[in-house]
Amino acid sequence: MLKLIQNEWMKLWSKKGTWVMTGLLAVFIVGMFGLTKWIETKKDSSEQDWKVSVQEELAYTKEQLAMPTLATNERKRLEGNEKVYEHQLANSIEPLDSNSRERMIMDSAGIGSVVVLLVVIVAAGIVASEFSQGTIKMLLSRPVKRWKILTSKYVTVILFGVVLMLVGFGVSIISAYVIFQSGSGQELVWNGKEVVEVSVWGRGLYILLLSFANVFVTATFAFMIGSVFRSSSMAIGLSLFSYFMGNTVVMLLSKYEVVKYIVFTHMDLTMYESNFRIVEDITMPFSLAVLAVYLIMFLLISYTTFMKRDITA
Amino acid sequence: MGNKPVVELKNLSKTIGKKKIVDNLNLALYPGQITGFLGPNGAGKTTTIRMMVGLMEPSSGDVIIDGISLADDFEGGLSKVGVIVENPEMYKYMSGYKNLVHFARMHEAVTKERIDEVVHQVGMQNRIHEKVSTYSLGMRQRLGLAQALLHRPKFLILDEPTNGLDPAGIREFRMHLRDIAEKEGVSVFVSSHMLSEIELMCDRIAVIQNGKLIDIREMSGMQESHYYIEALPRDATEALLKEEGFTAESHQNGFIINAEKEQIPALIQQFTLQKQQIFAVQPYRKTLEDEFLEMTGGGQIAEAHTK
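If you read the sequences in order, they're chains A and B.
At position 108 of the first sequence the residue is numbered 107 (numbering that gives the first Met the number 0), and the sequence of numbers has no breaks.
At position 181 of the second sequence the residue is numbered 180 (numbering that gives the first Met the number 0), and the sequence of numbers has no breaks.
Hints were generated in silico from the structure; no laboratory data involved.
A hint or two may mislead.
Unchecked claim - Simulated pairs of lysine-lysine, DSSO-like, Cα-Cα distance not exceeding 27 Å:
1) B:K79 <-> A:K307
2) B:K97 <-> A:K2
3) A:K307 <-> A:K144
What the hints assert, rightly or not - According to the in silico footprint, chain B covers these stretches of chain A (three or more CB under 8 Å from chain B):
4) 10-20
5) 127-135
6) 140-153
In this text the structure is predicted, and so the values were computed from the model without any measurement.
Ideal placement from N, C-alpha and C gives every residue a C-beta, glycine not left out.
All chains should be modelled from the sequences, with the hints used to inform the complete structure.
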């Protein structure tokens, strides 16, 4: 099996397109950082005192907490925020500057959304291209069972996703150090018992991991379409379409119970950290369970069609 | 030929929809022998071959390779087989060498040395590290042969192997095959509709039509000597030939008879005695094409869909 994965990995990186994609990812991240910096320099620096803005936030949070209709999750979150604001004012700890090096490293969710686009292209093509090039005949007339070949391809896609995420994270760390100054403040969080400082690296990696769920599911979907319909353009089209339309569908259905069981509702796990959720009463374990069910379904479809297919091309 | 067969097809059938593409095919292939697989377009050649290499699942029946049934042990059976299915499509964006490494990894125990050996065997050592997209068709065919030989198969299947090769290429390819069959005792199975090719290459031919095997014969049987005789008047000629005990088969303006060289002078004397006008007496070689058209009834496209 290792040899098969080695094969797929070799084929993947023998294509120029793979290198171009990886390059694009780096360029995109550096570009985004540069743009952020440029916008910052254009803004006039007549900044408000941080204490005033934290006080405003605190007042607003209290106001919200006073509402009786608040959901339990939401109440917990706001209470945590309240504790953090109070701690900041009491100990006069400045919150972390939004354009600081630390902040840029922590906000790693953007990497995932670029990586999705690139991984989908590979996932869609890895089976379909064997058919379109005619090499599938050479590949499947070997003393290797088909499920092994498909597994090696799937593992390669996921591995490629992981590598791109790490490359993206690496590039963003480097450009954060080159472009941005270290911020003077601290990022604080309520851990249930006390207010603690957030570890920049830990937080960055955690967000990266959460956004990888999206890459994982979308890539698996593209992989399924690619291996069922043997057309990579169709797989890329459908996957990106559903990726972009996902939120709209969730919005439309948000009033109904069924929305909780739609894959799109759960694809962006970073929602549990960014505190903006379209559907309120779902939890992380529930999301993971729903995603797992969809993943298994996608893979089941890919495997059954791939293993039964007669190669006539 | 007293050997054990390397490959046996047992009641192999493939039905797609209601169409029987391959119908109850039984065939045995022996080591060191090159067997040609002939049939008009649409007769089921490619389908049969694809069932033998695991690209298609037989509807019923089995393929047994070196005693191992493909249905029971796919990996064990196929590890003895080398395949070139139509044009060997390679990964064009990689070098020939990387392609070979790729396929070598899919077999057990193919060493680096073996790869180099095969590269030399097909004479590709000078260009093997260049990208496949820069290769000519002939070189791609050689690379295709190389990948099929990597794991020292006991059985080599070739589907239309000489498609698109120039005459020199075809000749070279033929030599390679002969070599492999004779020196390594490999059983070779070649499908083609290029009859002259098969004639030159094979020891034995199997003919398929409408999914059924209609004939298997040794090529040595083709060497029987025939003569073409043209003499007037025609009726008297025919009568005379019958009298002498030949079966006369009408061909163009004369007849073809089955005769040994030694019988010919006596026959000519007979003709002159009877004052017949002799225009031609010449050795006649029945080509495979003639036989093939005879067997398949004109060789029109198989009427599989009417069955």
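Structure-based check of each hint:
no.: 1; hint: B:K79 <-> A:K307; result: holds, 23 Å
no.: 2; hint: B:K97 <-> A:K2; result: holds, 13 Å
no.: 3; hint: A:K307 <-> A:K144; result: holds, 12 Å
no.: 4; hint: 10-20; result: holds (count 4)
no.: 5; hint: 127-135; result: holds (count 3)
no.: 6; hint: 140-153; result: holds (count 5)
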